[in-house]
Amino acid sequence: SAVISQKPSRDICQRGTSLTIQCQVDSQVTMMFWYRQQPGQSLTLIATANQGSEATYESGFVIDKFPISRPNLTFSTLTVSNMSPEDSSIYLCSVGIAGVADTQYFGPGTRLTVL
Amino acid sequence: ILNVEQSPQSLHVQEGDSTNFTCSFPSSNFYALHWYRWETAKSPEALFVMTLNGDEKKKGRISATLNTKEGYSYLYIKGSQPEDSATYLCALGLSSGSARQLTFGSGTQLTVLP
Chain A
1 SAVISQKPSR DICQRGTSLT IQCQVDSQVT MMFWYRQQPG QSLTLIATAN QGSEATYESG
61 FVIDKFPISR PNLTFSTLTV SNMSPEDSSI YLCSVGIAGV ADTQYFGPGT RLTVL
Chain B
1 ILNVEQSPQS LHVQEGDSTN FTCSFPSSNF YALHWYRWET AKSPEALFVM TLNGDEKKKG
61 RISATLNTKE GYSYLYIKGS QPEDSATYLC ALGLSSGSAR QLTFGSGTQL TVLP
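Residue numbers (the numbering used here), protein chains in the order written: chain A, 1 to 115; chain B, 1 to 114.
The hints are simulated quantities; they were obtained by calculation from the structure and are not laboratory data. Wrong hints could be hidden among the right ones.
Computed spacing ranges between beta-carbons, pair by pair [what the hints assert, rightly or not]:
id	chain 1	residue 1	chain 2	residue 2	range
1	B	Glu56	A	Gln14	47 to 55 Å
2	B	Asp17	A	Leu73	28 to 36 Å
3	B	Thr111	A	Cys13	44 to 52 Å
4	A	Pro71	B	Ala41	37 to 45 Å
5	B	Thr111	A	Arg10	36 to 44 Å
6	B	Gly79	A	Glu54	23 to 31 Å
7	B	Glu56	A	Ser53	37 to 45 Å
8	B	Glu5	A	Cys13	29 to 37 Å
9	A	Arg10	B	Tyr76	13 to 21 Å
10	A	Gln24	B	Glu45	12 to 20 Å
11	B	Asn3	A	Phe61	37 to 45 Å
Sample of chain A residues facing chain B (criterion: CB under 8 Å; computed from the structure) [said to hold, decoys possible]:
id	residue
12	Ala2
13	Ile4
14	Gln38
15	Leu43
16	Phe66
17	Asp102
18	Thr103
19	Tyr105
20	Thr113
Note that the structure is predicted; figures quoted are calculated from it, not measured. Note that the Cβ used here is the ideal one computed from N, Cα and C, for glycine as well.
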């Protein structure tokens, strides 16, 4: 397994501003992912954070809105840009560890409220 | 778009009761079925991963079964305790594309009343 931390744990932001969420892992991992859970919805994959190259975004998510950095194998950031109330969600990072069926391990999440 | 469905959406049980909930998924291109427990303000915790039809896994009072032919998995909790209160998520991994990508259901929120 891996120990994953996220900062901030929660934030309340104004419409039109941006927030950067950090994800730190205690060991080097190949696969890192960013998810969000909007109220009442499933955990939805935003993108796969690739070390040394651009992130791979899922349908419905774009780099301009959710820029992602992955400077090394233990750290990644997700920025939520030009926020609106619809961006109010829990944002989670996860890592994939090679093993049985590639179980993912999650950070504690960042609870974002946009006013 | 994959449809991973969980039922019920929420559930209240008394301490000591046993309970179960369901995860339904499309059976084509199946690779793995994961169960997670997510307590408020904590990280989702991996409970089980199952890959073979007929798999059964157990951890303490919690167990899970898998039927890949009909596309469902059951999670059982025996003798529920208040500390079992959490949202239980299932997630499907497919053999096509990246096996590491997971598609989650919307979860079953369990409340165990003392």
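Against the structure, the hints:
| no. | hint | in the structure |
| --- | --- | --- |
| 1 | B:Glu56 to A:Gln14: 47 to 55 Å | 50 Å, holds |
| 2 | B:Asp17 to A:Leu73: 28 to 36 Å | 45 Å, violated |
| 3 | B:Thr111 to A:Cys13: 44 to 52 Å | 30 Å, violated |
| 4 | A:Pro71 to B:Ala41: 37 to 45 Å | 28 Å, violated |
| 5 | B:Thr111 to A:Arg10: 36 to 44 Å | 23 Å, violated |
| 6 | B:Gly79 to A:Glu54: 23 to 31 Å | 49 Å, violated |
| 7 | B:Glu56 to A:Ser53: 37 to 45 Å | 41 Å, holds |
| 8 | B:Glu5 to A:Cys13: 29 to 37 Å | 33 Å, holds |
| 9 | A:Arg10 to B:Tyr76: 13 to 21 Å | 33 Å, violated |
| 10 | A:Gln24 to B:Glu45: 12 to 20 Å | 19 Å, holds |
| 11 | B:Asn3 to A:Phe61: 37 to 45 Å | 19 Å, violated |
| 12 | Ala2 | 10 Å, violated |
| 13 | Ile4 | 7 Å, holds |
| 14 | Gln38 | 10 Å, violated |
| 15 | Leu43 | 4 Å, holds |
| 16 | Phe66 | 17 Å, violated |
| 17 | Asp102 | 4 Å, holds |
| 18 | Thr103 | 5 Å, holds |
| 19 | Tyr105 | 7 Å, holds |
| 20 | Thr113 | 15 Å, violated |
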